[in-house]
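Chemist: In UniProt numbering, the protein residues as written are 1 to 305.
I should point out that these hints are in silico values taken from the structure, not numbers from a laboratory.
Just so you know, these numbers come straight off a predicted model, no measurement behind them.
When the alpha-carbon atoms are kept at most 30 Å apart in a straight line, the in silico BS3-like pairs for lysine-lysine are as follows:
# : residue 1 : residue 2
1 : Lys31     : Lys219
2 : Lys92     : Lys31
3 : Lys16     : Lys31
4 : Lys31     : Lys218
5 : Lys16     : Lys219
6 : Lys218    : Lys92
7 : Lys92     : Lys219
8 : Lys16     : Lys92
9 : Lys303    : Lys253
Simulated DEER-style distance windows between Cβ atoms:
#  : residue 1 : residue 2 : range
10 : Arg283    : Lys218    : 14 to 20 Å
11 : Lys92     : Ile2      : 36 to 42 Å
12 : Arg146    : Leu274    : 21 to 27 Å
13 : Ile62     : Ala113    : 26 to 32 Å
14 : Lys219    : Asn101    : 19 to 25 Å
15 : Asn3      : Lys256    : 35 to 41 Å
16 : Leu294    : Ile254    : 20 to 26 Å
We put the beta carbon where it would ideally sit given N, CA and C, even for glycine.
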Amino acid sequence: MINLILIVVSLILVVKMADVFVDQATALSKKLKVSGFFVGFLLVSLGTSLPELATSLYSSSIGHTEIAISNVIGSNIANILLVLGSLALFCKYRLRSIDVNFNIPLLLSITSASILVIAINNYIINSFLGIILLLVFIISSYLINRNNHTNNIHCTTKFNLLFLIGSVILIVLFSRICIDNILIFANQLNLPEVLIGYFLLAFGTSLPEFATLYSSLKKGREDVGLGSIIGSNMFNLLFILGTSSLITTLDLKIFKLELLFVLIVTGLLMIFGLVGKKNLVSRREAVMLLSFYLLFVLIQLLKTL
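With these hints in hand, go ahead and build the complete structure from the sequences.
Modeler: Rendered as structure tokens:
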């Protein structure tokens, strides 16, 4: 019973902290004359991906590189299919012109190029290729900031940066409390490991992005929410894999199908932006995203048999 209470309370706190983050991100973006998308791209992706970064670096240092790789792939797939799919099913989600014309194509280009280079290198990421991935992340951050403009409005809030960083930390903390108790509760119910791993754990690791995107939709700041999704996916693919490869060489041969799935999923987001009426992600497209996630889970289940 205590686990169920902690799940509900932590979920409420995650959503509340996401509200605080979106408010402070909006204020800070105006003060620093950068876009809300860039703030979401940089700060949320960094803050929410720190646990994955720590896990990947540690697992790489002790020789369990499969954990680091599956961590990145699973998170990137869940962010688009599970997070965007779930929210678009119940909320109207409209992509901005800059998203369709630049932000999403940039993510697709980087994802495609990275997977192509990895494939050419026999699905091996060594330290040299890792450094290249890190440089691409830095360049991408610069391009995102340059191409996402904002109004030059001065904000007088003195402590918005402190509240912004604090809200990110609390989002991650309460999300961890939530998923830990979800896993305990699921084990008490003797749920299958596949259900726990690919549904509950995926939901937990994507909960910060989910809460941020939901809050940004409520406040009409879709740029902040989508920035967190694209930023998280780029951070995972470029920064986490890049830094992990500096510790030990990463072998992705057993993840060929999953890498292809990441590419297809990113391409779907691009297609929906182009063909959607007024850049709107419809409920039909949301169902398609969630169906693709179920397909991914089914494939993983069949691979274990």
